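Please work from the sequences and hints to get the whole structure.
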Amino acid sequence: MFEHIISSMIFLPIIAGLILLLTPVTKNGARAMALVVSVAVLILGLKLYTGFIGAGGMEFVENYVWFPSLGINYTLGVDGISLFILMAGTVLFPSIFLIFTTKSKGYYANLLIAQGAMAGAVCAGDLMLFYIFWEVMLLPIFFMIGLFGGEGKIAATLKITLYTIAGSLLMLAAIFYLGVAFHNQFGIWSFNIVNMAALKLHGTVAVLAFVGFMLAFAIKIPLFPFHTWLPDAYTEGPAAATFVLSAIMAKIGVYAVIRFVIPIFGAEFTRYALIMAYLGVIGMMYCGFAAIAQKDFKRMLAFSSASHMGIIALGLFCMNIQALTGSLFQIVAHATSTGALFLFAGILEERMQTRKIADLGGIAGRAPVFAMFFAIAMLASVGLPGTSGFIGEFLIILGAIKYNVAIGVLAGTSLIIGVCYMLWMFQRVFFEKSNERTEKFRDLSAAEVLAFLPILVLIIVMGIYPQPFIKKIEPAARIQINTILHNMQVADANALLQGTNLEK
Amino acid sequence: MFAEWLYFGLAALSVLGAIGLILFRHPMNGAMSFVVTLISLAGMYALLSAKLMFAVQLIVYAGAIMSLIVFIIMFLNIQESDLPEEKGRGLYLVGGVVVIAPIAMFLYKIVRTLPGGDTAIVGNGFGEVRNVGMILFKSWLLPFEIISVLLLVALIGAVVVAGKREVGK
Amino acid sequence: MEQTAHFYLGLIPLMPLIGAVLIGLMHVTTCRGHRFPDKLYAVLACIGPVLACIMAFQVFTILKTLPVEHRILVHKVFTWFSVGELNISMGFMADPLSSLMILFVTFIGSLIHIYSIGYMADDKTYAKFFGYMNLFLGSMLILVLGDGPVVMFVGWEGVGLCSYLLISYYNEDSSNVLAGNKAFIVNRIGDLGFVLGMAFLFWAIGAQGFDYISLKANAHLLPQATAMLVCLLLFVGATGKSAQIPLYVWLPDAMAGPTPVSALIHAATMVTAGVYMVARFSFLYVTVPDAGEIVAWIGILTALVSAIYGMFQDDIKKVLAYSTVSQLGYMFAGVGVAAYSAGIFHVFTHAFFKALLFLGAGSVIYAMHHEQNIWKMGGLKKKLPVTYLTMLVGALALSGCPPFSGFFSKDEILFSAFASGHKAIWAIGVLVAGMTAYYTFRMIFVVFHGEPHSKSSYDHAHEPPPVMTVPLVLLAIGALLAGFFNLPELFGGHQMVSSWLEPSVLDHHAHAEASTEWMVMGSSVLAFVIGFSIAYVKFAKGAQLPVFTGFAKFAYNKFYIDELYDMLFVQPYKSIGAIIWKDFDPNVTDGPRKAISWLYGAIGDAFRLVQTGYVRVYAIYMVIGLSLISLLISQTLN
Amino acid sequence: MIINYLTLSIILFCLGILGVISRRNVFTVFMSIELMLNAANLAFITFARLHVSMDGHVLAMLVIAVAAAEAALALAVVILLHKHKGVLDTNIFSLLKG
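First to last, the protein sequences are chains S, R, L and A.
Residue numbers for the first sequence follow my numbering, beginning at 1 and rising by one.
Residue numbers for the second sequence follow my numbering, beginning at 505 and rising by one.
Residue numbers for the third sequence follow my numbering, beginning at 674 and rising by one.
Residue numbers for the fourth sequence follow my numbering, beginning at 1312 and rising by one.
If you are wondering where the hints come from, they were derived from the structure by calculation, not from laboratory data.
Quantities reported herein were computed from a predicted structural model and do not represent experimental measurements.
Among these hints, one or two may not hold up.
As the list claims (entries may be wrong) - Once the Cα atoms are required to be at most 35 Å apart in a straight line, the calculated DSBU-like pairs of lysine-lysine come out as:
| id | chain 1 | residue 1 | chain 2 | residue 2 |
| --- | --- | --- | --- | --- |
| 1 | S | K105 | S | K295 |
| 2 | S | K433 | L | K712 |
| 3 | S | K105 | S | K356 |
| 4 | L | K712 | S | K440 |
| 5 | L | K889 | S | K433 |
Take a look at the structure:
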């Protein structure tokens, strides 16, 4: 089991989920099983984390030939980039099963499948394998929103599915193109990511393939202006689906940019990074502004999440180590803070049977523990020093300033924008006078406190002592940055060469 | 030479029969016309040394299937008023010919590329019951069995579909 | 000896923080069931600050034993985060500047905590209040002791958060919460300046180390333009935190919190952070005198504007709030003209008399059952003698009456401004001094002299318990004597504070003739006398609620600045949000998607026409297709 | 000549198509389909003769069997149709309308 630790982390939940779907288990049995499985995965994950060296390369590699004729392999591995996304999912999942006690069997089964598929997408070392997991992880979300969502669930399901499928089909085409290009250049078939980095791409087709990849990831992240599926899906989806989407799945989009786009499309990446960076920062401001106009707290959180994703995406495109490390750190930080916020929103919605901010108020007086927990997650989300949100945001702003002053200054405004809508929402939901609806609000139960405690502890620990995390992230980020810098030098040299040619 | 004449005679008959099938308004007339085609086709089979098929065509097709059809037509006692009004029939026919002509042309072009061969009667028991039977039950056993299942299914299906008594009340 | 000091350095901010966490945990775990007694919380809350205060004294004395050029202790607790050339340690530094700051921060903070035991006695969420207070003090100590700008920023944001929590403490009333939001958001605007300043500073000279010592050593490498930019951006941060133009609007609203909170914000923590920061970065500001000029002008204009506001307020706490803004303006004028030690000295004396005034006001409010309007008080002199006397000391110090502490510190700033050639700033400063005397004694006279305006509450008024009056007396002594620490040589003093701060701040020493010094001092005293006399004439014999007209009305409504900001920033922000959400997002951003789905629908509708439902028609389509294909392929055959 | 037989097969097949698409009487349509089957059979048998292999015969026989099965079912449907609607019009089947 331990030599196949990643495979176990992927397939244990998937198989458990399928078993749940196929057998007539009661909903409590399903929940218990899901909890046990996710805790087992957590134990595996902790073992993986402690065994991880962090030298920058892939570790815990598993490699088996799958389709020899096409060079498609079953390749898995983790490095500093994937480790934390994997761990974020692993740590956060058990709490869902602790918190949501009243759902049906399918709810838990789908969550388990999503967990496994996401682990697979993060650890895949082969483009085709990645693509398969990438698509599989959408399926449970599709069912969860469609089956357990709110009033507009069908429209939301269609929207998210069509958007993401459109993106990923373009990516599939780009993957095929890469495979063929690889075969043409080296005479063998391979979809291995490490091999792909050796590929030399030129011309319009390369740009198209780059766009294919970027579009798929931009939709998943979501980068402005591809974010319009997000508010609907996050709002109408059940709490756990929203949690999975915002806390982990969106991060896989960011992860995929680092993992695939930077090594394979280095030249295109450096050429279009500025546009992407602007998209990121515009998305941050745009969604931040949209958030203040929301009357529905879940939709507001959705926009806030999209706004933060803009900042995280910005960090990718700044092409320096601070911003990239910040981005990767922020991935985890945002997973914990926004994940927790959506879980709180789920609890709020379940207990109050409303999503309208105007219907609430005075909850802090009824439920001080809930209010305090919410406040901690909220403060992490607005990037207060001492919480996890600050480190990443600070590093990204720092890196952005170096990359481009205008972008850096705009990115800095996230400090203000975030706090405006968050505080205003907090005021209307938790402060002011309570009404007959919120009078009845029940504070968190012991099990819920237990479920949230690890998340909150993580938020604080990552804010006060982030260095152990950064130490594992930085070497992997440095490799990517070196790739980028190398590409920039090559581009400069080419430009120089062309210049001298013109002079002659 | 005689075979040549015979072929043209039969071909003319079969085409006329087919045209009749398409043109006659009443299905009874069409069916009769169609029988002519079937019988002339049986002659064609004979000319092509397919002795067993000649017999089968006459007995099964012209005999059994067509009599079933004619029986049903008579059974339903079709009046002029039962027939659908087909006002644009001529137009459809002309249009159809226009549309189908390229298909025919295409097929004909393909056929023309085939090697010519003579159609003299082949002896040695070619196309006789014994030899066809040997092939049928040796190399075509599985399709044969499947066809038998198909016939069974069709039989049951026909009974179920046509045998609903309660409808029409 | 130094080892102990290092040990203390880490512990000083930790003490109140531990208290905060402990109280917080106790409060949260017991909030639904049986609560711990309030006394326990009170003791727990006061232990942290008092211990921190004792340790601060220790550090101060240890530092004093060291030779002047070695008076700097750095204790790096752990590497906070390190990415590439960016290395940030969670480190604490004690030098003359920060040791002086923590000394009075912890001292006054402790007194305010003790005072709160009495003031908050009948509060339902006693524990929560003290948890926040401890957190506040801890954040301030981190701010002061941090060994680099990033660690300072932790405290910087921390005090912002705590001010939010405490201002919106009575959170059932939405106006209080709005005031808290305003404080936090306005502070955040300043913080943006701070962060950007840090970023520019880092990319310019931060690679060799991003703490004050390395920065100071490398400051000469900084290009002039960058230095200017960094200084201005950092000053934006300072205007947010220290309530200067244009970000001063939050401070008066911050009066929504309990009075001890106001005292803590105004005296010991938070608002002085901006001045401290400018002094801390004096090594940058001296390289660009233009930046200092801007700081000084903004400071003195703030002083003037808020003094004007202060003359027309009718809420006792608002008068004090504007006086704080005004005094902060003085401090910035001081640091702006490169008289850093004078600025810090004013911070020091101001901490005493402003804490005193707020706590005194708290006593009055406590006695009057949470009545804050000065026109409903009056004649309280007899009922609250201790409060009256201590507040009088505070008022004299605030208005710069010799020999109270405020006189010396304010005079030093004015003198520095005059001597360094900023005559206009000096002139405004003297004018503001007169106005300060006027509105301070207007408040004192209306509240304590004359006839009671509200008989019933006057009858119920009584002197608060000793737990509240003892801190008042201690602070009054401080307010009286603090000025002597920096007695100018003119009076035979040795300028102890200035020489103590010498190694930390790069003072610009302006020298002038003794006669000039006498002239400057004389004009300040004259301004005080004039302001006091006008107040005496108008209010000492009792006065009624005035009706404001013309300019007075304009000033009473604070020049409508809040309304202006609301119109310029808040409403556009909300409407942009609404436009994006209601119009732009569904129509423009989502437009392509909608267009595509419409296209699909249209194509589908078009194809519906073809679907007649007649089998024969489908067969015809099939044949037509077959025919077309045949035609195509026929072309290739001969 | 082999080619003549195949040409006849083409002609009959095309007439069959013509019958299917231009007529609305169920019987005629049905018999037109039979006609197409027969055209195919003729082609099978011609090819069998061409290659002197009897597999074509077997196939033709199987086609006849299928035709028989089809006849049985189709006539059952026709009877039902006549019983229900009293018409023999193929346009009665229009459930596929979009």
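So, going through the hints one by one against the coordinates:
1. S:K105 <-> S:K295: With a Cα-Cα distance of about 32 Å, the restraint between K105 of chain S and K295 of chain S holds, given a limit of 35 Å.
2. S:K433 <-> L:K712: Roughly 29 Å separates the two Cα atoms, so the pair holds.
3. S:K105 <-> S:K356: 28 Å, holds
4. L:K712 <-> S:K440: Measuring from Cα to Cα gives roughly 31 Å; hence the hint holds.
5. L:K889 <-> S:K433: 51 Å, violated
Comparing the model with each earlier hint shows a violation of hint 5 alone; every other hint is respected.
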